[in-house]
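Visitor: Quick note on UniProt numbering: the sequence shown kicks off at 1 and runs consecutively.
Please note that a few of the clues may not be correct.
[To be verified] Each computed DSSO-like pair below joins lysine-lysine, with the alpha-carbon atoms no more than 30 Å apart: (1) K318 / K265; (2) K385 / K249; (3) K215 / K249; (4) K126 / K153; (5) K277 / K220; (6) K220 / K249; (7) K249 / K217; (8) K303 / K192; (9) K318 / K262; (10) K265 / K373; (11) K72 / K152; (12) K262 / K235; (13) K318 / K235; (14) K126 / K86; (15) K296 / K385; (16) K215 / K117; (17) K278 / K215; (18) K262 / K278; (19) K237 / K278; (20) K220 / K15; (21) K215 / K15; (22) K249 / K235; (23) K220 / K192; (24) K217 / K265; (25) K215 / K303; (26) K98 / K278; (27) K265 / K296; (28) K18 / K126; (29) K385 / K277; (30) K373 / K303; (31) K98 / K86; (32) K265 / K98.
Hint data in this document are derived by calculation from the structure and do not stem from the laboratory.
For clarity, every value in this text was computed on a predicted model and none was experimentally measured.
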Amino acid sequence: MSITVHEAINLPVMKSTKLLAGTTGLHNQINWVTIVEVIEDINRFQDGEFLITTGYGLNENSLHFQKLLTLKRLSGIAIYSGFYLKEIPQIFLELANKHHLPLIELPTELNFSTVTKSILQEILHKQMETTFLEDLINNYVHSSAILHERGKKLGINLSLNQVVLQIKLDNEFSQEHLDLLYHHFFRMMEQKERQFLLRTGLDGLTLLTEVHSEKRKSLKQDSLDLAEEFLQTWKEKQPQISILIGVGKSYDTPNQLSESAKEAKYAVDLASLLSSKKEIIHYDDLATFHLLLQMKELGISLKQFYEEQIGELLTNNKGIDYIQTLEVYFQQNLNLQTTAAKLFIHRHTLKYRLQQIENRFGLNIRSVDERLKLQLAIAAYKLEKYFNS
Numbered sequence: 001m002s003i004t005v006h007e008a009i010n011l012p013v014m015k016s017t018k019l020l021a022g023t024t025g026l027h028n029q030i031n032w033v034t035i036v037e038v039i040e041d042i043n044r045f046q047d048g049e050f051l052i053t054t055g056y057g058l059n060e061n062s063l064h065f066q067k068l069l070t071l072k073r074l075s076g077i078a079i080y081s082g083f084y085l086k087e088i089p090q091i092f093l094e095l096a097n098k099h100h101l102p103l104i105e106l107p108t109e110l111n112f113s114t115v116t117k118s119i120l121q122e123i124l125h126k127q128m129e130t131t132f133l134e135d136l137i138n139n140y141v142h143s144s145a146i147l148h149e150r151g152k153k154l155g156i157n158l159s160l161n162q163v164v165l166q167i168k169l170d171n172e173f174s175q176e177h178l179d180l181l182y183h184h185f186f187r188m189m190e191q192k193e194r195q196f197l198l199r200t201g202l203d204g205l206t207l208l209t210e211v212h213s214e215k216r217k218s219l220k221q222d223s224l225d226l227a228e229e230f231l232q233t234w235k236e237k238q239p240q241i242s243i244l245i246g247v248g249k250s251y252d253t254p255n256q257l258s259e260s261a262k263e264a265k266y267a268v269d270l271a272s273l274l275s276s277k278k279e280i281i282h283y284d285d286l287a288t289f290h291l292l293l294q295m296k297e298l299g300i301s302l303k304q305f306y307e308e309q310i311g312e313l314l315t316n317n318k319g320i321d322y323i324q325t326l327e328v329y330f331q332q333n334l335n336l337q338t339t340a341a342k343l344f345i346h347r348h349t350l351k352y353r354l355q356q357i358e359n360r361f362g363l364n365i366r367s368v369d370e371r372l373k374l375q376l377a378i379a380a381y382k383l384e385k386y387f388n389s
């Protein structure tokens, strides 16, 4: 686990420092802090190192240092001014900007050890938070007492109602977009003064935070309002990068938070299967799929289930069209006019197609029981198809 240069320079101990150049690299990850007085072998530096130096010999070996700035290994450089350099040379600033390398000026009264200790402590704290979140959402630790104690050390009160949100980048994105998303959510949560844990994943974020109920607002509504605020502020800043937010149910015991995480992940992953294309999906929106998800978790074959109901339909050369017709027909509450409009066909064509489905496959789609079976079977088909894709 690491922290970004942006997080490092916002630590209280770094208040007197100045960011001189390389603002486009503020999301660079700091894996380690290295203190070097005399920079000799520039090839010894590792990816993600944050270099602190007094600047000794940089006037005499300016070209040597300039080459270091172009290597793209370091996450950032902090140089003391007043010891050996009265001011940072302009060429250093230009190269730092060109290569997206934050260049920070340190005042002489700030100790090496103070800076190093603060950054490394923040990295360690981040690691502890990430590990704790992993343990909670995966239910790795079963002792509620241990979880409460660990939470207390990190400033997390697990006796409050908590919810998990999964935030997923919804199209092509870069690591920079993921970093921007992380810092957007991190800053918003800090401003809200809610306790929270946040981590990055391969294609998005996992957020655990407290939720509250008031006279006119339920815990669920508080969760959705929070997600809506996140979504709208993100759209204002990054309209070209769309996100989906999955919201789990809230729980007041730490051992149930893995359920909230699972629900939020289902919500964001299965959003594409819903007829209404929303950007915020609560687990309750997947009501049709709840029973099927439980069946799958119990090892019951969804394929066998849907084949018993719609197997003959699917093997027909017009099977997919028939399935789509039934799905839209049910969604439109058996309204022929709106169903035909949704399918871009004539009302009489729709009536004929529905009659074909009933006659060929022995179905009575006007029967409530029959419709329920068909709706579940179609949902199972879509779910199984999704999991196998």
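Visitor: Where does the structure disagree with the numbered hints, that is, which hint numbers, in rising order?
Guide: Hint check: 1, 8, 9, 11, 13, 14, 16, 20, 21, 25, 26 and 32 fail, others pass.
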